Amino acid sequence: MEAARPLDALNKARNQRVIVELKNNKQLVGKLKAFDIHINIVLEEAEERVDGEVKRKLGTIFIRGDTIILISAQ
Amino acid sequence: MEAARPLDALNKARNQRVIVELKNNKQLVGKLKAFDIHINIVLEEAEERVDGEVKRKLGTIFIRGDTIILISAQ
Amino acid sequence: MEAARPLDALNKARNQRVIVELKNNKQLVGKLKAFDIHINIVLEEAEERVDGEVKRKLGTIFIRGDTIILISAQ
Amino acid sequence: MEAARPLDALNKARNQRVIVELKNNKQLVGKLKAFDIHINIVLEEAEERVDGEVKRKLGTIFIRGDTIILISAQ
Amino acid sequence: MEAARPLDALNKARNQRVIVELKNNKQLVGKLKAFDIHINIVLEEAEERVDGEVKRKLGTIFIRGDTIILISAQ
Amino acid sequence: MEAARPLDALNKARNQRVIVELKNNKQLVGKLKAFDIHINIVLEEAEERVDGEVKRKLGTIFIRGDTIILISAQ
Amino acid sequence: MEAARPLDALNKARNQRVIVELKNNKQLVGKLKAFDIHINIVLEEAEERVDGEVKRKLGTIFIRGDTIILISAQ
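Protein chains in written order, with the working numbering: chain A, 1 to 74; chain B, 1 to 74; chain C, 1 to 74; chain D, 1 to 74; chain E, 1 to 74; chain F, 1 to 74; chain G, 1 to 74.
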């Protein structure tokens, strides 16, 4: 996940597991399947985690970009 | 609900029951009937749920996209 | 209120009584007379309700779209 | 204040006294002199009211649209 | 400060002392020297006031429009 | 820092020391080196101040415009 | 990191370690690899710091621009 433009970096993370931190302090983990310029993203096999422990299994989810703080490769 | 672009994923969920989590921490469940690029969505047979229990039946509802955190296939 | 695009759904609700939930947790009920792409709406014979009881009669009101969480057909 | 488009409704209220409710819970009352598509508005002979009582006389004021929840004809 | 469009009203207040109320509840008073469509404004001889008393003298200031609730002619 | 348009005023303050007040109540002081229409700005020799005392030296910083309340010439 | 336009300043900081302060009061440190006009950025070898101490190692991260307050060269 390195590139001249930020979205190129997201593109390199496609199909890999990523951690998504939300503005409401929740952490979602899953395989990055899709994203767009608003940073709306789709995760597969997504889980919500608290302190590193799985709290909920969520399956495939669509996350609205404006709720996201950061995305990191796991 | 898997696709190259996030909205394609929503399109695959059309007419299926989805869970919508809002920024005010409420959870709405219903059949996804329509959405647009702002992630404004229409749910049919919608219910508000708290801790997995139905709190209110809402019928058909229009949800403004900027209040949405995530949408998951049930 | 069912349609391929969310605004079509609002269009079907025109001249019907709808419940509008706002981000400040207030609930407004009235006849839907007009809306636009920002989800700015006009309600006629509007009332503010708390726990199902009428708190204030407001007459005809213009509501700015960015304060709206959801609109449901009554 | 009835019309097919929300701004038409505001246009019908021009030169009439309206109540403007703001996101900070304040209520401003005055004669609607001007508005634009952002719902920026100008009120003449404006007053701030609390519980129906005049708290401050403000004269002519410009209100930025994104602070407005709703506008009602008095 | 009266006009068909809200920005015309601001234009009439140019070079006059105005009161600017901000979303953080502060009140700034000064001579209106410039504004644009975002309601970014420049005040000259600006002061911050609390309960009608001058708290700080600020000189010439640029205020970002999205922090403004209302502008009134003094 | 006086001009017909707000950005002209910022232009006159270029290379001068300015005080920038942020929405999180922090105050940054430094030499204004650059700005754009979003009011993103670059300060040189920047310091964070609390009650007029230097709390941190920050060197050259980029400040995102939407966090800014006001900019004043020192 | 000095330039006529704010983004030029970010460009000069490319491949250097920067400190990014977020609206949620967190501080992220890493090598600036990419940015765009929304100030979305990519950091490499990123760490979250609290009071100058490393709290978490994050690897390569994408940060959504609207969560950023400021970026400083370390």
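Careful, some of the hints might be misleading.
[Claimed, not checked] Below are the BS3-like pairs computed for lysine-lysine, each with C-alpha atoms no more than 27 Å apart in a straight line:
#1 LYS31/E x LYS26/F
#2 LYS31/E x LYS12/E
#3 LYS31/F x LYS23/A
#4 LYS12/E x LYS23/A
#5 LYS31/A x LYS57/G
#6 LYS57/B x LYS31/A
#7 LYS55/F x LYS23/F
#8 LYS26/D x LYS12/D
#9 LYS57/G x LYS31/F
#10 LYS26/B x LYS31/D
#11 LYS26/A x LYS57/F
#12 LYS31/E x LYS55/E
#13 LYS31/D x LYS31/E
#14 LYS26/A x LYS12/A
#15 LYS55/E x LYS31/D
#16 LYS31/A x LYS12/G
#17 LYS31/B x LYS12/B
#18 LYS31/D x LYS55/C
[What the hints assert, rightly or not] Reference excerpt, derived from the structure (chain G facing chain A, CB under 10 Å, subset only):
#19 LYS12
#20 LYS26
#21 ASP66
[Unchecked claim] Sample of chain D residues facing chain C (criterion: CB under 7 Å; computed from the structure):
#22 ALA4
#23 ARG5
#24 LEU10
#25 GLY52
#26 LEU58
#27 SER72
FYI, nobody ran anything at the bench for these hints, they're computed from the structure.
None of the values given here were measured: they were computed from a predicted structure.
By construction, the Cβ of each residue, glycine as well, lies at the ideal position given by its N, Cα and C atoms.
A quick look at each hint next to the structure:
no.	hint	verdict
1	LYS31/E x LYS26/F	holds (25 Å)
2	LYS31/E x LYS12/E	holds (12 Å)
3	LYS31/F x LYS23/A	violated (32 Å)
4	LYS12/E x LYS23/A	violated (42 Å)
5	LYS31/A x LYS57/G	holds (20 Å)
6	LYS57/B x LYS31/A	violated (33 Å)
7	LYS55/F x LYS23/F	holds (18 Å)
8	LYS26/D x LYS12/D	holds (24 Å)
9	LYS57/G x LYS31/F	violated (33 Å)
10	LYS26/B x LYS31/D	violated (38 Å)
11	LYS26/A x LYS57/F	violated (32 Å)
12	LYS31/E x LYS55/E	holds (17 Å)
13	LYS31/D x LYS31/E	holds (25 Å)
14	LYS26/A x LYS12/A	holds (24 Å)
15	LYS55/E x LYS31/D	violated (32 Å)
16	LYS31/A x LYS12/G	violated (33 Å)
17	LYS31/B x LYS12/B	holds (12 Å)
18	LYS31/D x LYS55/C	holds (25 Å)
19	LYS12	violated (15 Å)
20	LYS26	holds (8 Å)
21	ASP66	holds (7 Å)
22	ALA4	holds (6 Å)
23	ARG5	holds (5 Å)
24	LEU10	holds (6 Å)
25	GLY52	violated (11 Å)
26	LEU58	violated (20 Å)
27	SER72	holds (4 Å)
Hints 3, 4, 6, 9, 10, 11, 15, 16, 19, 25, 26 from the earlier list are contradicted by this structure; the remaining hints agree with it.
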